[in-house]
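Count the sequence shown with my numbering and you get residues 1398 to 1508, in order.
Derived from the structure by calculation, the hints contain no laboratory data. For glycine and all other residues, C-beta sits at the position ideal for the given N, C-alpha and C. It is possible that some hints are incorrect.
Calculated pairs, DSS-like style, for lysine-lysine (alpha carbon to alpha carbon, straight line, at most 27 Å) [what the hints assert, rightly or not]:
| hint | residue 1 | residue 2 |
| --- | --- | --- |
| 1 | K1430 | K1475 |
| 2 | K1500 | K1475 |
| 3 | K1430 | K1500 |
What follows is a list of derived Cβ distance ranges for each label pair [what the hints assert, rightly or not]:
| hint | residue 1 | residue 2 | range |
| --- | --- | --- | --- |
| 4 | Q1472 | K1500 | 15 to 21 Å |
| 5 | S1479 | R1433 | 17 to 23 Å |
| 6 | P1496 | P1414 | 27 to 33 Å |
| 7 | P1496 | H1421 | 14 to 20 Å |
| 8 | K1500 | V1445 | 29 to 35 Å |
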Amino acid sequence: GSSGQMLFLLPVGTPYPNVWHALHWWVPALSTKRLRGWSQDMLQLGVVFEGNFAEQLRWHSGLAEEQALLERFVQFHKPVLSALSSNPPTFLDFALGEPSCFKSGVRGFPS
């Protein structure tokens, strides 16, 4: 992440390709971005899956399956993810590597 970007935390119920479940975060996320006047280049998406999904996946499947699932998630949601941000999403439950700093962070959606 860049210190000039905003981290937009996206609560996602399930990583599996299901349009009905996806609409529950697609619509609020796109609406929030539009209402707040955010541009794609100012946002870094931080995807957070419901519950302890990451821990369960690691325990039962391993790193290869974990990576494949995240790649399928990005492919399925690509039109919405790219409408929200010009940067690839960060999966906070699976984040590895260097720490990142952001100018600000936003969680949740307006009600």
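Hints, verified against the model:
1. K1430 <-> K1475: holds (16 Å)
2. K1500 <-> K1475: holds (25 Å)
3. K1430 <-> K1500: holds (17 Å)
4. Q1472 <-> K1500: 15 to 21 Å: violated (29 Å)
5. S1479 <-> R1433: 17 to 23 Å: holds (18 Å)
6. P1496 <-> P1414: 27 to 33 Å: holds (31 Å)
7. P1496 <-> H1421: 14 to 20 Å: violated (30 Å)
8. K1500 <-> V1445: 29 to 35 Å: violated (19 Å)
Checked against the numbered hints listed earlier, the structure breaks hints 4, 7, 8; every other hint is satisfied.
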